Amino acid sequence: DAGVIQSPRHEVTEMGQEVTLRCKPISGHNSLFWYRQTMMRGLELLIYFNNNVPIDDSGMPEDRFSAKMPNASFSTLKIQPSEPRDSAVYFCASAEGINYGYTFGSGTRLTVV
Amino acid sequence: DQQVKQNSPSLSVQEGRISILNCDYTNSMFDYFLWYKKYPAEGPTFLISISSIKDKNEDGRFTVFLNKSAKHLSLHIVPSQPGDSAVYFCAAIPRRGGSNYKLTFGKGTLLTVNP
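Order-wise, the sequence lines are chains A and B.
So for the first sequence, my numbering puts the first residue at 1; every next one is plus one.
So for the second sequence, my numbering puts the first residue at 1001; every next one is plus one.
Note that these hints are calculated values from the structure, not bench results.
Since this is a predicted model, take the numbers as computed values, not measurements.
Be aware that one or more of the hints could be misleading.
Said to hold, decoys possible - Derived pair list, reagent style DSSO-like, types lysine-lysine, alpha-carbon separation capped at 27 Å:
# : chain 1 : residue 1 : chain 2 : residue 2
1 : A       : 78        : B       : 1107
2 : A       : 24        : B       : 1071
3 : A       : 78        : B       : 1102
Stated by the list, open to error - Here are some chain B residues the structure puts well away from chain A; computed CB gaps all over 12 Å:
# : residue
4 : 1058
5 : 1069
6 : 1072
7 : 1079
8 : 1114
Claimed, not checked - Listed next, the stretches of chain A that the computed footprint assigns to chain B, with coverage defined by at least 3 CB atoms under 8 Å from CB atoms of chain B:
#  : segment
9  : 74-84
10 : 101-112
Glycine is no exception: its CB is placed at the ideal position from the N, C-alpha and C atoms.
Let's have the full structure, built from the sequences with the hints guiding it.
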């Protein structure tokens, strides 16, 4: 099992540009989470999908952020337009049901200049 | 408002000694607690957990203790090894209730085990 796969590993973009982060969860896992890690706020839940349906997006900072899960094997997190304060490490995690040992991907380090 | 707090940003111990990482929480709805370990450039990996019906859970060199009345938990690593050097995150979840999927994390403690 390759685990949770995120791409790209690193992304540097200019302010105002659109950024798309990608995630492939573990096959068979029906829960998918996007987390963001910053120095100030630590790890924060942005959005939770269950069976491809967004259940809780209350952590999405603002309308510039959107997430989709078109099928069980793929999810995207999009930021448009990006701002320097969006610079952070974004993690995707998946789980089988409410299995609390979530499996995290290696993250995408986003830098917005 | 931080519901899960790890007040020590870093901890340094000698190889072979005990490492004790601490975590406090404020939300009384939390009834399941986890520790994650994170190496640089990797995602957090699940280490050990404990239910609120227990006060201790042990897995090899790792033991988690829970004091519900104090809303405090700790992770003990004995003996500590250089490979244990990593950031350790405490996390909590309310298994009963509408947010039973939502892990709330502390900010982490960087453990350095010196050879």
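Hints the structure violates: just list their numbers, smallest first. 2, 9
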